[in-house]
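Protein chains in written order, with this note's numbering: chain A, 1 to 487; chain B, 1001 to 1081; chain C, 2001 to 2221.
Note that these hints are calculated values from the structure, not bench results. Since the structure is predicted, the reported quantities are computational estimates derived from the model, not experimental observations. Every residue, glycine too, gets a C-beta built ideally from N, C-alpha and C. Treat the hints with care, as some may be off.
[To be verified] Distance condition first, Cα-Cα at most 27 Å in a straight line; then the derived DSS-like pairs of lysine-lysine: (1) Lys2135(C) to Lys2171(C); (2) Lys160(A) to Lys1041(B); (3) Lys2199(C) to Lys2141(C); (4) Lys2199(C) to Lys2188(C); (5) Lys101(A) to Lys1045(B); (6) Lys2007(C) to Lys1041(B); (7) Lys2007(C) to Lys1045(B); (8) Lys2171(C) to Lys2199(C); (9) Lys2166(C) to Lys2188(C); (10) Lys1037(B) to Lys160(A); (11) Lys342(A) to Lys2073(C); (12) Lys342(A) to Lys2081(C); (13) Lys2007(C) to Lys160(A); (14) Lys15(A) to Lys390(A); (15) Lys1045(B) to Lys160(A); (16) Lys390(A) to Lys342(A); (17) Lys2171(C) to Lys2040(C); (18) Lys2166(C) to Lys2221(C); (19) Lys2158(C) to Lys2171(C); (20) Lys1034(B) to Lys2007(C); (21) Lys1037(B) to Lys2007(C); (22) Lys160(A) to Lys1034(B); (23) Lys2135(C) to Lys2043(C); (24) Lys1045(B) to Lys478(A); (25) Lys390(A) to Lys1041(B).
[As the list claims (entries may be wrong)] Computed spacing ranges between beta-carbons, pair by pair: (26) Ile341(A) to Tyr1033(B): 31 to 39 Å; (27) Gly1020(B) to Trp105(A): 41 to 49 Å; (28) Trp1012(B) to Gly311(A): 48 to 56 Å.
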Amino acid sequence: MQSSSAINYDYTVAKYFTVATIVLGIVGMTVGVIIAFQLAFPELNNLFGEYGTFGRLRPIHTDGVAFGFTVSGVMATWYYVGQRVLKVSMAESKFLMFIGKLQFWLYVVLVASVVVSLLLGITTSKEYAEFEWPIDILVVIVWVLWGVSIFGLIGIRREKVLYISVWYYIATFLGVAMLYVFNNMEVPTYFVSGMGDWYHSVSMYAGSNDAMVQWWYGHNAVAFVFTVPIIAMIYYFLPKESGQPIFSYKLSLLSFWGLMFVYLWAGGHHLLYSTVPDWVQTMGSIFSIILILPSWGSAINMLLTMKGEWGQLRENPLIKFYVLASTFYMLSTLEGPIQAIKSVNALAHFTDWIPGHVHDGTLGWVGFMIIGAIFHMAPRMFKREIFSKKLIETQFWLQTTGIVMYFTSMWIAGITQGMMWRATDQYGNLSYSFIDTVEVLHPYWTLRAVGGLFYLIGVFMWAYNMYKTATSSKAIEKEPQYASPMA
Amino acid sequence: MDMEFIRNLQGWGYVAMIFGLTIGFYAYIYHLYKSQKDGVKDYEKYSRMALNDDIDDSLVESLHPQNNKKINRSVKDELAE
Amino acid sequence: MFHWLEKNPFFFAVGVFLVIAYAGIVTIVPDFMESARPLKGTKPYTALQIAGRQIYIANGCNTCHSQLIRPFKSETDRYGKYSLSGEYAYDRPFLWGSRRIGPDLHRVGNYRTTDWNENHMLDPEAVVPGSVMPKYGFMFKKSIDFKTAYAEAYTVKKVFNVPYDKPGMPKLGSYEQAKKAAFTQAGKIVADMRNQGVKDAYKKGDIKEIVAIIAYLNSLK
Ligand code: HEM
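Please put together the full structure from these sequences, using the hints given.
In structure tokens, the structure reads:
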């Protein structure tokens, strides 16, 4: 079949971003493991003077994995999936090719300046929005270039209808753009006062308003970076790797809108209004629940896609990654609403339960999906078999063990500490000093760090496997249609 | 305008939105399944876009409507014109 | 209607935009109008305290410490009166934090003193055995960046009408005036400190980071 037509898909930019995904995955998660060990063994804070303390490194971890690993993964898959489902090659447009490469190189500059500035302590302190204004401008440029690339490719497509994954990529693009700009409104102090550091700025919003905007952003950034583009991936890679069409395409359209409405506005937690009659408030709650239902559709749709084909789960390690990812997606979307219940939140907020919940989603859902997607792309991009199936299997089990260690230890740690903070003796005095509640966490923190280390080792195995695949694995003549060939 | 009034406005506005979204949303569900059943539009065929995505595979629905009657058109055919 | 929308993606997009805009107005604007009025008695930070706050941010103290006391008995017993929205009116950015690896600091100025903080910042483990807080010895050597602190104070005064130089409010004045005031304020803290290096530097007109961050911590009440 190869080359019977004049054109072929061009994966140059996808390959660039694949490298970025792997490198930034290693960097971001290594820092994650370091800070995890720092909590268990605080002497590790002092290895690199002021640059190595927990407070400096934590944002490098969170931004590194969110905007480094995850976003490059999104880009890598977009530059792969986008061409294929629109049936148009990047090679057909010099302009789009140029934009793609430009976007990549600017992204590299961006990542480098983020790492350096965070190490130096140049930060606005707002989570996932720590960058100072010059970097924000660069972010906007990179993002606009991505937009040009998406809509440019759509503009020259041959397939009339946009496949559901493309909807999700578009939503990611628009959602992040809107959120990012609003949350990062800031005034550079140098231009007002004519002195001090030129890159310093002060937030447009103060106090509670700043917090409100930030949480509106934080919550939705999670939606648009850790959920929406990952769904885009699973809607493509699971069907393609398994050879099964999506169980119900209509359900995928519905869950798209369900998700958009629910995530952005219909959380239902706003309904604490003063004198609006009770029945109105109740109706509001009921309707928001009815609205939420379809947003679960995605996960169910994915699992049902495998209906009658569960044998593949045993045979094909990539299917394992995808299926476990959607299972973790269901777990964390179940856990999220539970934590939003007022009394649960009173206990869970500020404790390790929150990072525990976050990492179900990020390690299990985001990480596994990206790793699995890039494994699927490898034989097609490099025209070689995946280097080692055995290594994938080992990686899978090691990482799964790591995740389980991570979230079980964090659940216990979070609930223990939350209970200790509020425990009182028979006279109503607090039973524990703060440091008591820190010392009990030591074993759990150690366990979490080891779990994280397992996951990180898995990432190194992935990197090695990918390197071998790209350079020295057995060449394949013809592009595989469904299951990825592996040795 | 005092805060109390704004809060009430917000409450009603919010409820109206939730009602609107829910009704619109379920109407859309009805629309999708009805169109499929009546044969107005086959949505399920679009899932083939992920499976037949080789550059030589046939298009599910060509952007150029006059071509849609010719079955199994692929990128190659479109380029040939 | 849906048939029509499927064929007219432009109007479809317009519709989606309208829904989002409406939803944004309904859910955000009223909350925005209500909060952010300063409480009576809440004052903006002095320039030296801003310098300390910038150091707090640069070192990510907020990754381990919250500044938000919730209205539960267990929290008010531990940290003091629960936090009110108006108390944050001059906080740009807010520093509520998301994880309490260390205790809440919103009212730490009520129960920790300059010399306690000095010892603790140098070696937390020595003061509170079992602490996992990093050592901040470098703050005893690094000098503050007063220009950037002044620039921030000046900017919020100009752009957001923060009431510096109003009756009963902190003075800011010109850069030279502010610098002099900061020096006086720092002198009171240095007098309560023991570290000789910091004292010597102060005599030469140089304020170390540790002084500013203690000034900030002391202001949290
Ligand atoms: C290699 C395994 C990893 C380890 C050991 C690790 C460790 C950590 C630690 C120690 C924290 C700070 C928690 C705290 O402040 O109490 C953290 C926060 C965070 N990590 Fe990871 N991490 C890992 C992988 C990831 C990945 C793959 C992602 C995303 C794709 C991620 C996303 C986050 C986020 C969003 C936060 C902030 C959570 C919050 O604000 O509560 N992490 N991680």
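Fill in: Index of numbered hints that the structure contradicts, given in increasing order
Hints 1, 5, 16, 23, 25 contradicted; others consistent.
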